[in-house]
Amino acid sequence: MEWNFWAVMTDFDLLLLGLVNTLKVTALALLFGVPLGLCLAVLRLSGARLVSAAAAFIIEFFRTTPPLVQLFWFFFALPILIDVRMTPFIASIVTFSIQSSAFFAEIFRGGIQSIDQGQWEGGKAIGMTYAQSMRRIVLPQAVKRMIPAFMERSIELLKTTTLVSTVAYTDLMFQANDLAQKTFRPLEVYTVVALMYFALIFALSQLSIAVEHRLAKSGDSTVR
Amino acid sequence: MNAILRIENLHKRFGDLTVLAGIDAAVEAGETVVLLGSSGSGKSTLLRCINFMETPTEGRITLHGRLVGEERGGVMRYRESELCKLRTRIGMVFQHFNLFPHMTVLRNIMEGQVTVLKRGAAEAAAKAREQLARVGLSDKADEYPARLSGGQKQRVAIARALAMDPDMMLFDEVTSALDPELVGEVLKTMRRLTEEGMTMVVVTHELGFAYHVANRVLFLDQGVILEQGEPQQVLKEPATQRMREFLDGHSLFKLPD
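Listed in order, the protein sequences are those of chains A and B.
Here the first sequence is numbered in this note's numbering, starting from 210 and rising by one per residue.
Here the second sequence is numbered in this note's numbering, starting from 85 and rising by one per residue.
What the hints contain is simulated information worked out from the structure, not anything from laboratory work.
Note that this is a predicted model, so its numbers are computed, not measured.
Idealized CB from N, CA, C, for every residue including glycine.
Misleading hints may appear alongside valid ones.
Derived list of chain A stretches under chain B, where covered just means 3 residues or more per stretch with a C-beta under 8 Å from a C-beta of chain B [to be verified]: (1) 299 to 308; (2) 349 to 361.
Here are a few chain A residues that face chain B, going by a calculated C-beta distance under 7 Å [what the hints assert, rightly or not]: (3) Glu315; (4) Gly319; (5) Met337; (6) Thr338.
Taking CB as the label site, the calculated pair distances span [claimed, not checked]: (7) Ala340/A with Arg156/B: 40 to 50 Å; (8) Asp226/B with Lys426/A: 27 to 37 Å; (9) Glu227/B with Thr375/A: 54 to 64 Å.
Bound conformation, chain B alone (with noise of 0.2 Å):
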């Protein structure tokens, strides 16, 4: 098996609340993966802990083959350089877009690049501009982030994870606090990736995302995956009654005949 990342025993807890409680998965290189649930589900927690984002309470997570952190006495330690290193292979965009406001939209792409990758102001400049063609807003370069419309922002979130070269992508519900005619134009850039064939991690309540574009699709209940196959599968012959009252809830979703 080619797995880029391997989920073991997963769980994570803040205090009394267990939020992920024991979950397995993996995904393979080129896989576009989604995860679905509703709201307290854990779906985006998980997302979180597979960058180290959140530090997981237990269990193992496995990049390239190499375990990430050592076991000593039965517990994960986690070196924060290691982990550094490790978001640097792996990009993430999230809901708010998390972009920098007092740099341009040139110098978010930039900034990682030379701040932690240590490459030089040309030719992280030359990448900057390649993502944001990549993404279709060379025109923005130079503006502040402040005088763009959601979906440029988020796009602009995409191409700096880009413009490090991850293996793998996670995407944190970056459509939610979008206008509904900004979604598109973001779903688009996501699925274009898709075609790429990057690796990707989505969580989004996007189901015409996950029925069109995802290889494989996990729904997740109560911090534990309910469910899991191909999109065509699971959205279509959901086995359990809660993939089914989850999917009843979602109003605007219709399955082509």
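Okay, chain A solo, but in the shape it has when bound (with noise of 0.2 Å):
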């Protein structure tokens, strides 16, 4: 067997454009997935109990099917149900953004409950409305404990956009099947594209001990 880079290094720029995309989708979930995880929590931690139960229930749904079962649902399925016009990319974000907040609702409703119940009452003796406590006073304390779990969940979501691929989404994987298929040289293109997201994921996580340790320091994390 011998190894030859060269099919790769000339069509590079193929993968990097796979890579761009594959930050976009991982970033647009979160910045979908994260404040709907926050209302999802928030809704979850209510105390109307339909309401409670309906936001449980969608968070159990969308953690416990598989990404892409729902990926193929909102793709393919969705627009026999309703007129809309689906593509790879929106069905990508529509379905990461709305699996990621169910875990991000969890990680927020943690993070929220782990708060003392007398900071609500700190808040609520001068007269704060209960969203005046949770915004002024539970939520900063919260997201601080929270970071650890949110971006071991964010590098998880990271890993699972590989999936858009399948319907024909142009990340980094889908390029990387594209490329192998057209140079005839699957070791190279794979093994460059895992070293790709290692190199990624990698830092990612260095970034996310360092974040850890500095919270850790300051005594108000809850690093496992």
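Please assemble the complex out of the two chains, which come individually in their own frames, going by the hints.
And the structure:
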């Protein structure tokens, strides 16, 4: 077996384009998924039993069903149900925003519930509404504790986005498949792509470890 | 009568457990009332019903002659917005301080003023410094609560409540979590408030404070007021066996001869 990276290197810009698209899907899924997760968590924690149960169901549903099934459902099934033009890009964003929001909801819920009841009382006693206590007192403290879990989930999301190649969105994985077929050099192509994912995710997890250490020092983190 | 606060037929039940079983009481402007009782007597719950940290199961609370909530179909209904406004008028200090650890001392004292009362930052900061000086902690404005002693934390909590310009202050066992040598500074701060004419309701185990500072003492037992009156009378000549037992239980309690 001979290694020949020539073909990969001449078309490396295709892989770079794929990498940019992978980051785009991940970033947009975070952009929509985090606020949506916060909403779900707040509904889940609300006193209204029906609302809480509905939020719990949505969270559980998207946490337990395989993301590939969700992706296919949004891409192939939803356009039959309602009149939308679904592109691979939109289907990917919708799927991973909702899917990751379910996980972020649980992270938010854990963070919020870890804050001492006395903090709510401190806010309430100076006349704060529930929303004011949440925004000014509880969330700022909860978010700090959530950061390790949040980073871990984001890295997981980045890996899961490889699934979007199955609906022909041109992410890094899709570009790799394309290039492997075109060049007949799957060995080199997938090796390079694996290294690209490794470099990206290794850098992110190193960053995450550094952040955890800083938080651990300030004594406000829940490092596993 | 110049009653700031009037409590009528107050009941509080948690499920099957009756904690308050019909409390009638009034607090006059400038008065310091101390609530005594063993644990489980309902004194903290009574205090927490005054600013609606707990919602009474039954009964009426009147503040400045105005009934809190509305009576509909024989049941009291409370709107959250009314209760929030009420809590800005009644300061509360807790056993475990409940300071906001992510904010400096100054920010802690500004928070309610800015977020709830919508005061400007400069005005709130000036007010916060004024209150910090009042509790003798001017030099701690930029510290985080974690770096303060228990006694200092509690004085910051008092300043935070005072910064809202309340009509009345509630103290819920504010010295119970403190090291013995730190209790004095907090009690001294509270005594000064009494002398300045603040209306106060205080739940405490510090009988010395009750004796020397309170205008009136209420002794609660099993959710009702068993005895009340001037501290010199109630603490020295208890009328009931229950109160005598309670006083005997406080071994540290020594009355001046």
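Hints versus structure:
no. : hint                               : in the structure
1   : 299 to 308                         : violated (count 0)
2   : 349 to 361                         : holds (count 3)
3   : Glu315                             : 23 Å, violated
4   : Gly319                             : 18 Å, violated
5   : Met337                             : 6 Å, holds
6   : Thr338                             : 6 Å, holds
7   : Ala340/A with Arg156/B: 40 to 50 Å : 26 Å, violated
8   : Asp226/B with Lys426/A: 27 to 37 Å : 20 Å, violated
9   : Glu227/B with Thr375/A: 54 to 64 Å : 56 Å, holds
Violated hints, listed in ascending order, are 1, 3, 4, 7, 8; each of the other numbered hints is respected by the structure.
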